[in-house]
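Enquirer: Turn these sequences into a full structure, and let the hints guide you.
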Amino acid sequence: MDIPELHPRLESVLHEGWQGFRGEVWKRQIAVREFIRANHRPHFGDASFLQGPSARTRRLWEAVAGLLRQERERGGVLAVSTETGSGITSHAPGYIRREDEVIVGLQTDAPLKRAIFPKGGLRMVEQSLAEYGFAPVPETIRTIFEHYRKSHNEGVFDVYDPEILACRRSGVITGLPDAYGRGRIIGDYRRVALYGVDALIAERRSLKGDTDGAEFTESVMREREEIAEQVKALEELKIMALAYGFDISKPAANAREAVQWLYFAYLGAAKEANGAATGIGRITAFLDIYIERDLRAGLISEAEAQELVDQLIIKCRIIRYLRTRDFDALYSGDPTWVTLSLAGMGTEGRPLVSKTCFRVLQSLYNLGLSPEPNLTILWSTSLPEGFKRFAAQVAIDTSAVQFENDDVMRPQEVGGVPLGDDYAIACCVSAMRVGRQMQFFGARANLAKALLYAINGGVDELTGVRVMPGLTPIKGDVLDYDEVMTRFGQVQDWLAGVYVRALNAIHYMHDRYAPERLMMALHDRDVLRTMAMGIAGLSIAADSLSAIRHARVKPVRNAAGVAVDFEIEGDYPAYGNNDDAADRIAVELTEGFMARLRRHRFYRNAVPTQSVLTITSNVVYGKKTGATPCGRPAGQPFSPGANPTNGRDRNGWIAAGFSVAKIPYAAAQDGISWTASSTPGSLGKTPEERIVNLARCIDGFCNARGFHINVNVLDRDTLLTAMEHPEAYPQLTIRVSGYAVNFIRLTREQQLDVITRTFHASC
Amino acid sequence: MPVADPEGARTGYVHSYETGGAVDGPGVRFVLFMNGCQMRCQYCHNPDTWKEKAGRLQTVAQTAADIGKYAPFLQAAGGLTISGGEPLLQAGFVGALARRVKDEHGLHVALDTNGAFAGRLPDRWFDPVDLVLLDLKHIDPARHQALTATPLAPVLESAQRLARMGMPLWIRYVLVPGWTDDEAHVERMADFVARLPTVERVEVLPFHNMAAYKWEAMAGSRYALADTPSPTLEAEARVRACFAARGLETA
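Those protein sequence lines, which keep their order, are chains C and R.
Read left to right, the first sequence gives residues 1 to 763 (the working numbering).
Read left to right, the second sequence gives residues 1 to 251 (the working numbering).
Don't read these hints as lab results, they were simulated from the structure.
In this text, all values refer to a predicted model and were calculated from it rather than measured experimentally.
One or more of the hints may lead you astray.
Which residues of chain C face chain R? A few of them, derived with a C-beta cut under 7 angstroms, are [claimed, not checked]:
1) Y95
2) Y365
3) G368
4) L369
5) N578
6) G647
7) N651
8) G684
9) R696
10) G700
If we take Cβ atoms under 8 angstroms as the criterion, some of the chain C residues that face chain R in the derived model are [as the list claims (entries may be wrong)]:
11) W653
12) I654
13) T679
14) S682
15) N703
List of simulated lysine-lysine pairs, BS3-like, C-alpha gap at most 27 angstroms [to be verified]:
16) K662/C - K53/R
17) K250/C - K150/C
18) K102/R - K214/R
19) K113/C - K232/C
20) K214/R - K685/C
21) K113/C - K150/C
22) K475/C - K624/C
23) K53/R - K685/C
24) K208/C - K250/C
By construction, the Cβ of each residue, glycine as well, lies at the ideal position given by its N, Cα and C atoms.
Expert: Pasting the structure below:
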C-alpha cells in the first residue's frame with residue numbers, strides 16, 4: 001500500500017471526534033479511503049426514509065432564489081468585490097440568512113458577490129468587469145500586477161511560439177486555460193474533517209523534513225517551496241474558519257462539524273483558486289459515517305441529517321467566479337462544476353451507496369432543480385436495486401444528474417495504478433483518485449478542422465491564413481481516402497506537438513504564478529499528474545472520412561484553391577448507428593490521436609490522457625469550422641462530446657449508445673461524453689415503467705462498456721416555452737455534455753442547438 | 001390475400017428499425033418495422049410502410065445479426081418487437097426470424113399486428129412468439145371497412161383464435177375523435193375484448209396528426225385526418241374506464 005507514513009504526532013491526536021470509529025490504518029496515516037472502508041455501511045433499501053426540507057432550509061433557499069433572480073436580472077453577475085484579490089482569508093465572513101444557516105461560509109462577504117483573481121491575469125479581470133458593467137479594479141491592484149507581480153497569463157504568453165498562437169487564433173486548438181484558471185483539481189477536503197488542520201500541517205512539515213540536508217536540486221527546491229506554501233495555506237484556512245467562529249485545527253466531532261469542516265476546506269480552495277471546474281469530490285460515504293454515528297446516538301434526527309445535506313448543497317449551488325464573455329460562449333450558463341460524485345462499488349464488492357447518496361439526490365426535490373452541484377452517479381450494474389431505481393427516478397424527474405461507468409473506471413490503470421474505489425470526477429468526466437492524483441487540464445484540439453487542414457494543405461478554410469507550415473493542398477476532383485489519411489496523419493502529428501507545447505507552457509506557468517496551494521495541501525506529496533488533452537469534432541471527422549471512403553466526395557474550391565464546400569455523391573455509413581464501417585473510424589481516430597500525444601514529453605512527467613468531451617463548446621467549434629466532407633455546412637455546431645452527428649443516428653438511442661461505447665476508455669482516460677435526450681412518454685407508459693426501463697438502459701449501456709451518459713428527459717415544447725418565457729422556468733435544468741445548466745442561462749444559439757439536437761423518439 | 005410460404009421465406013422487405021423503443025411491448029425493445037400493409041387506416045402514422053416492395057430486401061440472417069448485436073442488452077432490458085406495416089404479410093420471413101432470434105438469443109419476441117392474417121397461420125408458427133400486440137381498429141363492421149378498407153370479421157376471428165391458443169395479448173386501440181370514440185362502439189369493443197381470456201392489458205393510444213408530413217410525401221393519398229385534433233384527456237380517461245370497468249388492465 002503506498003500510503004505515506006504519518007508524522008508520529010498524528011497518533012497523539014486520538015481525539016474524541018474518532019470515538020466509535022473502527023479501523024487502525026487511517027489513524028496512523030492520512031488514509032481517508034481506509035477510514036471509509038472500515039466504517040461504511042451500505043444502504044440496500046429504498047428511498048422511503050427520506051425527509052423534506054426543514055423550515056430553516058426552506059427560508060434559506062427562498063432567500064437564495066431571490067438573489068438568483070436578481071443575479072439574472074442584473075445580466076448574470078450580481079456583484080463583484082473589485083477591491084480585494086481573492087484568497088483564503090481575503091474577505092470578512094459572509095452570510096445569506098445567518099439565523100437559518102446550519103452550514104456557513106461564502107467566497108466573499110456576501111452571497112453571489114464574486115471575487116477577482118488577478119494572479120491569473122489582470123487583463124481578464126478588467127475585461128470581465130467591463131463586460132458586466134462594473135467599476136475597474138482599484139489603482140493599487142493594477143499597480144501591483146503591472147509593476148511588481150507577474151501573472152499566469154503573462155507567463156504563458158512569454159513562452160508561446162508562433163505556431164501555438166496561430167492554432168489558438170484559428171481555433172484548431174480552443175479553450176486553452178491560459179486566460180482562466182485550469183481547475184479540475186480536487187483537494188481531499190475530507191481530510192480536514194477527519195484529521196483536523198493541525199495534523200495535516202504536521203504531516204506537511206514532516207514531509208518537508210524528508211529533504212532536509214538533501215542536495216538542493218531544482219525539483220527538491222520546488223517541492224520544499226510548495227510544501228512551505230501549502231503549510232501557509234492550511235494556516236490561513238484555520239484563520240478563515242475562526243472568523244466564522246470555528247476552530248478546525250482538531251478533527252470534526254460530529255456530523256454537523258464534519259460537513260462544516262469539509263465545506264470550509266472546499267471553500268478555502270475555491271477562494272484561492274480560480275479553477276474553471278472546482279469539484280468537491282466523493283464525499284457521501286464519508287459524511288454518512290458521521291451522520292450515522294450521530295443518528296445512532298440519538299444526537300440528530302433524519303430530518304436534521306437531511307438539513308445538513310440540503311444546506312451543504314445550497315452552498316455548492318452558489319459558488320461563483322467572474323468570467324469573460326468569451327468563456328461563457330465556450331462554457332455556457334455560468335458553470336462552476338462543483339462536481340459531486342456518489343455511489344460506485346468498493347473494490348471488495350461492497351456498494352459505496354449510503355443513505356447520504358439518497359439524501360444528496362433528495363436535495364433536488366427539497367430545493368428544486370439546479371445544475372450545481374454537478375451530481376455524478378458512479379454507476380455499476382452491481383449497485384443495489386433500490387438505489388438504481390431512485391437514481392433513475394431522479395434523472396427522469398430532474399434531468400440534473402449524470403451517470404458514469406464505475407465498472408469501467410474502477411479497474412482502469414492510469415499511470416500504472418488502478419483508479420480503484422476512491423476516485424472522484426472533476427468537471428464532467430475526468431476521474432482522479434482523490435488526494436492522490438490531479439490533472440493538468442488541457443481543453444481540446446479540433447479534429448474536424450485538422451482534417452480540413454489536411455485537405456487544404458495547412459491553410460485555414462475560413463481565413464485563408466496558413467496555420468500549418470510545409471504542407472501542400474490535395475489536388476484532384478474527388479478526394480482519395482488513402483491520400484487524405486496520409487495528410488491527415490501529418491497534420492495530427494504536427495498538431496499534437498503544438499498542443500503539447502502549449503499545455504506544458506500553461507501548466508508550468510500556472511504552477512509558478514497561480515498555484516493551488518490549499519488543494520495541493522490536501523493531496524499526497526507524491527501525486528500522480530495527468531496531462532488531460534482532448535478532441536472535439538470526433539463524429540464530424542469520422543463521418544467525413546467514412547464519406548470519403550464509401551461515397552464520392554468532391555471539394556468545391558474557392559479562387560484561392562481552398563476547399564470551402566463539398567459535394568457528396570452516394571451514401572455512406574455514419575457514426576452512431578452501431579455499424580462498424582463507420583464506428584471503427586471513430587475508434588481509430590481516438591486511438592491514433594492518443595498515440596501521437598504519447599510521443600511527447602510532458603511537464604512534471606505528467607501522464608498524457610485525453611477526453612472526448614466538448615461541454616457546450618461544440619457550438620463555438622462548429623462556428624469556427626468550415627464545411628466538412630460529411631455534408632455538414634460551414635458554421636453548423638458539432639454534436640457534443642462523443643455524440644453522433646445530430647440526425648445521422650437513425651436507429652434509435654441504443655444503437656447510438658453502442659456506437660459511443662466502442663470508443664475505448666483506455667484511449668480516452670479523461671472521459672468520453674455522451675448526451676442522450678428523451679421525452680418522458682417514450683421511456684414507458686407509466687412512471688414505474690419509465691424508472692425500470694431507464695435503469696435497465698443504463699445497465700445495458702454500462703454492460704456494453706459505455707463510459708458516460710447524460711440523460712435528459714424533457715419535452716421539446718417545454719424548452720421552446722422556456723425560451724420565450726424564461727421567467728416562468730427559473731430552475732429548469734438540462735444536461736449538456738458532462739454538466740448541467742440552467743436552460744434559461746444558455747445563449748440563444750446554444751438553446752437552439754439543444755433543441756435541434758435529436759430528441760430520440762423512443763427511450 | 002395469400003400468405004406465401006409461411007415456413008420458409010429467407011428474405012423480407014424491411015422498412016427500418018429502432019433501438020430503445022419502450023412503448024411497443026414490455027421493457028426496452030428492438031422494434032423492427034416491416035414493409036407492406038393490407039389495411040389503409042385513415043389515421044395510419046406509418047403510411048410510408050404500406051407498400052411492401054418499397055422496403056429494403058434483407059435476409060433473415062442479416063436481420064438476425066443486426067438484432068444479435070444487442071442481444072445481451074435486450075435479454076436484460078426487454079426484447080424484440082416485430083411491427084410494421086403488417087408483419088404477417090411477410091409471415092414466412094417474420095416466422096423464420098422470430099424462430100432464429102428465439103433459438104439463438106432467447107429474446108422475448110412480440111408481434112405487433114392487425115391480426116387479419118393470423119387465422120391463416122398454423123399454431124406452430126406462433127411458437128417463438130411470446131406476446132401479440134393486437135391492434136383492434138373498430139368493432140363495427142361497416143365502420144371498420146370505412147376506416148381501414150378491410151373487413152372486420154377476420155380480425156375478430158384471429159383475436160379469438162389467438163386467445164384460444166393461450167397467446168398473451170396486449171390490445172391496442174387508437175382513439176380518434178369522430179372515428180373511434182363513439183361511446184356505444186367503445187362499449188361493444190370492450191365487451192369483445194373482455195371475453196378474450198388472455199388479454200393482459202389494453203393500451204388506449206391517443207391519435208396525433210404528427211404523421212401529416214408522411215402523408216403529404218406520398219403521391220395519390222389523401223390524409224383525411226389532417227385537421228383532426230388529438231382526443232382530450234377526459235375522452236382518453238373515459239375510454240380507459242370503459243375497459244377497466246370490465247376488469248381489464250389499461251395503459
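Enquirer: All hints, please: hold or fail.
Expert: Okay, the hints, checked on the actual structure:
A cut of 7 angstroms between beta carbons decides the hint on Y95/C: the least distance to chain R is about 47 angstroms, and the hint is violated. Using the Cβ-Cβ criterion of 7 angstroms, the hint placing Y365/C at the interface with chain R is not satisfied: the shortest such distance is roughly 24 angstroms. Given hint, G368/C at the interface with chain R, is violated; its Cβ is 26 angstroms from that chain's nearest Cβ, farther than 7 angstroms. Annotation: L369/C was flagged as interfacial toward chain R, and the flag is violated, the nearest CB pair being 24 angstroms apart, outside 7 angstroms.
Evaluation of the N578/C hint against chain R yields a held restraint, the C-beta minimum of about 6 angstroms falling below 7 angstroms. Nearest Cβ of chain R to the Cβ of G647/C: about 15 angstroms, over the 7 angstroms cut. The hint is violated. Checking N651/C against chain R: minimum C-beta separation of about 5 angstroms stays under 7 angstroms; hint holds. Among the interface hints, the one on G684/C holds; its C-beta lies about 5 angstroms from the nearest C-beta in chain R, closer than the 7 angstroms criterion.
A cut of 7 angstroms between beta carbons decides the hint on R696/C: the least distance to chain R is about 4 angstroms, and the hint holds. For G700/C, the interface hint holds, the least distance from its beta-carbon to any beta-carbon of chain R being 4 angstroms, beneath 7 angstroms. The beta carbon of W653/C comes within 4 angstroms of a beta carbon in chain R, closer than 8 angstroms, and the hint placing it at the interface holds. The restraint placing I654/C at the interface with chain R holds, with a minimum CB-CB distance near 4 angstroms, inside the 8 angstroms limit.
With 8 angstroms as the threshold, the beta carbon of T679/C stays out of range of chain R, its nearest partner Cβ sitting at about 11 angstroms, so the hint is violated. Look at S682/C: its Cβ gets to within about 6 angstroms of chain R, closer than 8 angstroms, so that hint holds up. With 8 angstroms as the threshold, the beta carbon of N703/C comes within range of chain R, its nearest partner Cβ sitting at about 6 angstroms, so the hint holds. Between K662/C and K53/R the CA atoms are separated by roughly 34 angstroms; this puts the pair beyond 27 angstroms, and the hint is violated.
The hinted pair formed by K250/C and K150/C fails the criterion: a straight-line CA distance of about 37 angstroms is larger than 27 angstroms. Of the pairs offered as hints, the one joining K102/R and K214/R is violated, with about 33 angstroms between alpha carbons and a cut-off of 27 angstroms exceeded. Restraint check: the Cα-Cα separation between K113/C and K232/C comes to about 26 angstroms, which is no more than 27 angstroms; the hinted pair holds. A distance of roughly 25 angstroms separates the Cα atoms of K214/R and K685/C; the hinted pair therefore holds under the 27 angstroms criterion.
Taking the CA atoms of K113/C and K150/C, the gap is about 26 angstroms. The hint holds against a cut of 27 angstroms. About 24 angstroms separates the Cα atoms of K475/C and K624/C, which keeps this hinted pair within 27 angstroms; it holds. For the hint linking K53/R to K685/C, the alpha-carbon distance of about 33 angstroms lies beyond 27 angstroms, and the restraint is violated. Of the pairs offered as hints, the one joining K208/C and K250/C holds, with about 22 angstroms between alpha carbons and a cut-off of 27 angstroms not exceeded.
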